[in-house]
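Residue numbers (my numbering), protein chains in the order written: chain P, 147 to 322; chain X, 1266 to 1699.
Worth flagging that the hints you see were computed from the coordinates, not collected in a lab. Every value quoted in this text rests on a predicted model; they were computed, and no experiment measured them. There's no promise every hint is true.
[As the list claims (entries may be wrong)] Covered stretches of chain X, as calculated for chain P (at least 3 residues, CB under 8 Å):
hint	segment
1	1342–1350
2	1386–1399
3	1427–1434
4	1510–1520
[As the list claims (entries may be wrong)] Listed below are several chain X residues computed to face chain P (Cβ distance under 8 Å; list not exhaustive):
hint	residue
5	Gly1447
6	Ile1582
7	Phe1600
Even glycine gets a Cβ: it sits at the ideal position worked out from N, Cα and C.
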Amino acid sequence: MADLHPDNPYAPERFADPGKHVEFPPEARARFDYILTRYPTKEAALLPTLHLAQEVWGWISPETVHYVGSLLDLSPATVFGVVSFYNMYNQKPVGKYHLQVCTNLSCMVNRAYDIYDHLCERLDVAPGETTKDGRYTVVEVECLGSCGTAPVVQVNNEYHENMSVEKMDALLPQLK
Amino acid sequence: MEPIKVLLANIDKPNSTSIETYGDYEHARKALTTMQPSEITQLVKDSELRGRGGAGFPTGMKWSFVPKNAPKPTWLLCNADESEPGTFKDRVLIEKDPHLLIEGMIIAGFAIGSNPMSYIYIRGEFYYGATVLEKALAEAREKGLLGKNIFGSGFDFDITVARGAGAYICGEETGLIESIEGHRGQPRVKPPFPAVVGAFGGPTVVQNVETLACVPLIVKNGAEWFKSFGSPKNTGPKLYCVSGNVKKPGVYEFPMGITIRELIYEHCGGITNDRKLKAVIPGGASAPMLTPDEIDIPLNFDALMKAGSMLGSAGIIVLDESVCIVDAVWRLAKFFAHESCGQCTPCREGTNWLESVLDRLERGEGRMQDADLLLDMSDNIGGKSLCALGDAAIGPVISSVKKFRDEYLHHVTEKSCLPGTTRYRRLDMAVAAH
Chain P
147 MADLHPDNPY APERFADPGK HVEFPPEARA RFDYILTRYP TKEAALLPTL
197 HLAQEVWGWI SPETVHYVGS LLDLSPATVF GVVSFYNMYN QKPVGKYHLQ
247 VCTNLSCMVN RAYDIYDHLC ERLDVAPGET TKDGRYTVVE VECLGSCGTA
297 PVVQVNNEYH ENMSVEKMDA LLPQLK
Chain X
1266 MEPIKVLLAN IDKPNSTSIE TYGDYEHARK ALTTMQPSEI TQLVKDSELR
1316 GRGGAGFPTG MKWSFVPKNA PKPTWLLCNA DESEPGTFKD RVLIEKDPHL
1366 LIEGMIIAGF AIGSNPMSYI YIRGEFYYGA TVLEKALAEA REKGLLGKNI
1416 FGSGFDFDIT VARGAGAYIC GEETGLIESI EGHRGQPRVK PPFPAVVGAF
1466 GGPTVVQNVE TLACVPLIVK NGAEWFKSFG SPKNTGPKLY CVSGNVKKPG
1516 VYEFPMGITI RELIYEHCGG ITNDRKLKAV IPGGASAPML TPDEIDIPLN
1566 FDALMKAGSM LGSAGIIVLD ESVCIVDAVW RLAKFFAHES CGQCTPCREG
1616 TNWLESVLDR LERGEGRMQD ADLLLDMSDN IGGKSLCALG DAAIGPVISS
1666 VKKFRDEYLH HVTEKSCLPG TTRYRRLDMA VAAH
């Protein structure tokens, strides 16, 4: 493995815990087995399997990349290539509440950047980063397909529409 | 023109997502038990239905391209990767009337000779929509409306919801196919076109949600009825998404061809705070901008094409006089730079250059030649990559430079936005890398 680039976070020796093996808990394993029945090839099950893994562990760690690859007979490089292509797979842990602010044009002209800037300042966090207590991650995202109710903030999987700085301030305390 | 409720007929009913409300797919029953696949394709051809996803390709013709007796299974894929900025119509159908889509897929699948499995590729962010679809599919399976031997016709058909994971390019049909196969969503070289070699090597038809939702209604009411909406070659009821600086944004349904003026001023309540209109993007972020003297154009495929823009996904973004056009175009350029899949050099590099030149204009660091530089770069992006993303990226750039050149030059000479216009972002905030 010495020929891997020294910065490669997915080299096995750089795992957070090299001895740690991740494995789906039984309920997730059952869902994985069902996913396999819905696609004509194992490889086609990659995206749903990664979604499942992220649901279980919250992000796609290097260990997860290797584990998912082993489940689907794919190399870690292939799996990582897919993980890094798609925005929604978190390549590092995110906060309990993933605050995704759409700033595309329709949201922008309805003051989405005010919400985004306000969140970064109030939570004292840089864009894309997580608060020290691990509670919130703030990111700017591309169009969420909800332009008629702009601006939109997606919190984990849930859309909050017709948002404003005031509504965001009212929402935050509910996200414990 | 009065609003209609055809595609949206069910959405206001209580429990609109339940199969008890929707019914037992009687139009699919009619199609599968009394019509031949070729008859259905001919009916859709006769209706002059054109794809609602963006390109406006005739749907029946697309179906007729699928070869009979191909060596590999034929696939029907529903494109629910609604990601074009300004577009939010499919989401309404998915979340409020999922059975209309499913019934449309059964009929389309039968018409093209689909294998017993098909997919709805829904963007990953539409998590709620995916759960609504899953529930609706379970109801349909329970009633035997999906599965083996539907309506005793001998046709086996089932649908799986495949979630995307945040990539605009997967709305491009070959990018979508790559993603369904478990790959990075990078578009393919065409030809071969998907109708001949698509998903898993088999013939593949990819259709937008709204297109498929039209199909049961055409089977029910006939091609002539469908053509009674709109004008020749631009037929049918159409969902329009209006957003931006309007008083009443939302999804509106009209016979295809309402004018932009009527839509904005008579149905959407006009411009926010009664300001003046500055520009309209008529078909999602990719569509070239129109100015206030161009808003009497009907919103249909051919009229907008003739005006140098496009209907696209009918995502109408309204910008009022207070918007800085350079800032608005920068935001769209940033989007395309972020979403370029990276496969073709002109698009990957060019979209990033567009973004950075627009950014320096906003920062007061622009140069006199920048307006022409943007046009020159656009010329080096357009038509020079595998898919249409690069062409989409230059639409707003070229049209805005041509129509608002003075505003661009103002940014160079005065190092600021035009008086009375707003830049919405703070230049001191870090912009996330892409």
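Checked hints:
no., hint, result
1, 1342–1350, "holds (count 4)"
2, 1386–1399, "holds (count 6)"
3, 1427–1434, "holds (count 7)"
4, 1510–1520, "holds (count 4)"
5, Gly1447, "holds (4 Å)"
6, Ile1582, "holds (6 Å)"
7, Phe1600, "holds (6 Å)"
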